[in-house]
Structures are given as C-alpha cells and as structure tokens.
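As they're listed, the protein sequences go chains A and B.
In terms of the working numbering, the first sequence has 210 at position 210, counting the first letter as 1, and numbering is strictly consecutive.
In terms of the working numbering, the second sequence has 1077 at position 77, counting the first letter as 1, and numbering is strictly consecutive.
Be a bit skeptical, because a hint or two may be false.
Mimicking DMTMM-like on lysine to aspartate or glutamate, the simulated pairs with C-alpha atoms at most 20 angstroms apart in a straight line are [as the list claims (entries may be wrong)]:
hint : chain 1 : residue 1 : chain 2 : residue 2
1    : B       : LYS1013   : B       : ASP1126
2    : A       : LYS158    : A       : ASP233
3    : A       : LYS158    : B       : ASP1044
4    : A       : LYS158    : B       : GLU1222
5    : A       : LYS158    : A       : GLU239
6    : A       : LYS158    : B       : ASP1046
7    : B       : LYS1013   : B       : ASP1084
No lab work stands behind these hints, which were simulated from the structure alone.
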Amino acid sequence: MSQGSRDHDVREARLLGPRVSTGIGWGALVALFLLGLFGLWGAPPDEVQGDAQRLMYVHVPTAWLAYLAFFVTAIASALYLWPRTRARVWDRLAGVSAELGVIFTGLTLVLGSIWGRAVWGVWWAWDARLVTTAVLFFLYLGYLALRRTSEDPSVGAKRNAIAALIAFIDVPIVHFSVEWWRTLHQQATVFNPRLSAEISGVMAWTLWLSVLAFTLLYVFLLDRRYRLAALEDDLDDRELDRAIAARVADAQPAGMASS
Amino acid sequence: MSLAGEVRLVAGKDLRIEARSRVTLAQVLPFGGIVLLLFAFALDPDRGRLAAVAPGLFWVAVLLAALLAIGRSFAIEQQNGARDGLRLSGIDGAAVFLGKTIAVAAQLLLLEVVLGLGVAVLYGVDVTSVVVLVVAGVAATAGLAATGTLFGVLAAGLRTRETLLPLLLLPVITPVMLGATRAFESGLGGEPAEAWPWIALLGAFAVLYVSVGVLAFGPLWEDS
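Chain A extracted, bound-state conformation (with noise of 0.2 angstroms):
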C-alpha cells in the first residue's frame, strides 16, 4: 500500500481554506463578545420575566444549531447514499455535524431546563417541544454510538448514512405524536409559547446577532472537527501501513527489506 493510493490526502481533507476557517473563527469570537455585552446589558428586561428572559439569547440559537447540524447530517448522508455523489467528505460530514448537534441539543434541554425553572418554577415540563428534543437528543446519541462501531469505514459509512435517514425521517412522527398525546390529554400546561409575547427592537435585533454568532461558531466548529477526524483517519491509515510493513519485513530475508 503506496501513500499516493490513499482515497485522501491530508493537505487536502479540509472543509474551508486555512484563512476561511481561521476568518469565521474570529468573526464567531467578536459575535459572541457582541452578543454578550447586547445580551446581559444592551437588550432590556423582560417585563414579564426579568433577567431570566435573557436565557433566549443562548437557548434559541442551540435550538436553531441542533436542528441546523441534524439536517447537515441527513444531507451528507443522502449525499453518501447516491452512487454519483459518494465521497468520504460526506460520511465525516455526516458524523462530525451529527456530533455537534447532539452537544447543541444537550445544551438546549439543559438552557431551557435552566429557563424553565426560573420562569414556570420546574425544571421539566412535560411539554410537546421539550418531549421532542429529548427524543431527538437519545436517537442521534444511538446514531453516534452506531458510527463509533465502525470497523471497515466503507462498509460502516453505507449503514451509518442510512441509519442517519432513518432517524431524520422519524423526527416529524416523533413530534407529531407527542404533540398530539400533550394536547389530547393536557388542556394547559405551564409552558405558553406567547409568554414574552412582542419582541421588538434591540431584543429582535440582540437574537439575530446569537443566530448569526452561533451559526458562524457552528460552522467553525464543523470545519474544525473534519479536519481533527480526517487527520484521526489518516493516523490510522499509516499505522497500519507501519504494521504491514513491518510485518513484511520481518518475513522477508535481511538485506531484501527495503525493497
């Protein structure tokens, strides 16, 4: 096995150019000083809630990346599956944005459990959206266990890719259902989604500027990740060719190693 047979190139298993990468990096680094000093003291309080309401300027954005890094992966999935566009890129793709997806969705439960008890006075709410993303939390943790098994990268990126569909397929009858089971059986629950009802002005303005700041924090993230996972393959890649070649080495009389 000659290095050039590679189906990668390390030089060349990056998502965005060097600069790009490092250009998004610092443009999510001052979003997100932005969005700190607009979130804790440009945008006012809530009338209703107080301080508390400020959770949404991180709660909405690991919301919106969760949902954000999940269709990333049923994408690149899809992408893997059909014949004429499957390329690793889109397997490593599939499994480094799922990941980020479950870090963002454990972060969302835990932001909203955080809001929740400070603005209904309980952590949980057994509420149609919260039901949801738990669910979603669980599948996409399965799906991640499911990669982490992989032994043959070919034969594992088919299966992952269509267990990652399976699981984006199930979401909406997930929601679905539970939307339904909460509504059929449970007039009103503490959680009313018009609690803070208008937002306007700086607070508008202060949550596009967590979208914005989160997404470009995703996408560095995402661009980050592949490479750490593609250079991870390649040291695999190149152990094993030193096991083989040193085995061969070993089998072979001395003197006839090198060639």
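Put chain B on the given structure of chain A with help from the hints.
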C-alpha cells in the same frame, strides 16, 4: 421464485428454528412475565394504581421482550455461517426483510396474547373493546417488528450489538409506545372511539417503516 414465495420461505425458516429451539417460548416469554411482576412490586398493587397504568406497563413489557426477540432473530444467522448461506441463496433483500419481520411479528403477537392475559389477571383491568385491542395490537406489532428487523440488521455483526440495539431502536419507536398505550387505554376501560386516531398513527408508522425496510434492508444485509 416469486417474492411472496421467498418471504414465506424466510419466515418459515425462522419460525421453524423457533419451534425447535423454543427460545422465545422458554426464555423471552417468562422474561415478560417477570417484568409484569416487577411492575407490581414497584407500584403497590393494593391501591388500584396498576389497573390505571396497565396499558403503559403492558407495552413497556412488550418492548423489553421485543428487544430480546429481535436480537434472537439475528443471532440465529450468526451461527454456522447461516448469514452467508442466506445471502448466497439469491433471495432478495426485501424478501429477507419481510420474512424476518413476519416471523418476529408472529412471535410478538403470541407474546402479547400471553402477557395481555397476564395483565388482565394480575392487574385487574376492564376490557371495553376487544376490537380496539386486537387492531391496535396488530398495527403496533407490525411497526415494532419492521423497525426492529431494520435496526437488527443495522446492528448485526457489530461487537456491541446487544447494547446498541436498544439505544437505536427505543427512541425511534416512541410513536409506537405512545400510540399503542393511548389506544389500549381506550380499549381498557376508556372510550373505544378515541382509539382510532392512534390506531391510524400506528398503521401509518408500520406502512412507513415496512417501506423503508424494503428499500434499505438489501444494502445493509449485503454488508452486514
């Protein structure tokens, strides 16, 4: 051979293995029974709590037992190179999927009948509509068997399949758990008419996952 013939062949093979080995009958079924007893220990049986939550407990017991039955459905292919034999037989992946789904569904239905009797006797429930129970049970079983077979082949051949299968399968079948439990609540002491929307959901779920399985099982089966 026609698709139906191939399906019958695969389902017949799996059921014949079960008839001879009696693993579902001798191990999975008693497991479901002890789970029913455990629920009674967890929830004090004297306060009428069991009857109120019997539909949910029944389906949790069925789901746990189903995990074992699905694992078994692929474990039998591990031995003696059975999987390679089946792959080399030229039987279509879709036929293997449908055959295995039918075999799993048949075992689950038997399991549900026995566990259902157990629930009726142990938990003291009122049956208001047998039709609702039967239709909901069949629809839920079809969805459960189809998703189970799909994830069974997904996890088959992996070293951690026993622990991976529940993690993969349980989140996906949340709608089945919800729909079947709500439908059973209507059939056991509730208003039977309320069950039909949930049964429609269960039916739609089953149709969707049978279709996904027919499409996706082939490639997964080739690679497993």
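Verification of the supplied hints:
no.	hint	in the structure
1	B:LYS1013 / B:ASP1126	violated, 38 angstroms
2	A:LYS158 / A:ASP233	holds, 17 angstroms
3	A:LYS158 / B:ASP1044	violated, 48 angstroms
4	A:LYS158 / B:GLU1222	holds, 11 angstroms
5	A:LYS158 / A:GLU239	violated, 24 angstroms
6	A:LYS158 / B:ASP1046	violated, 52 angstroms
7	B:LYS1013 / B:ASP1084	holds, 15 angstroms
Comparing the model with each numbered hint stated earlier shows that hints 1, 3, 5 and 6 do not hold.
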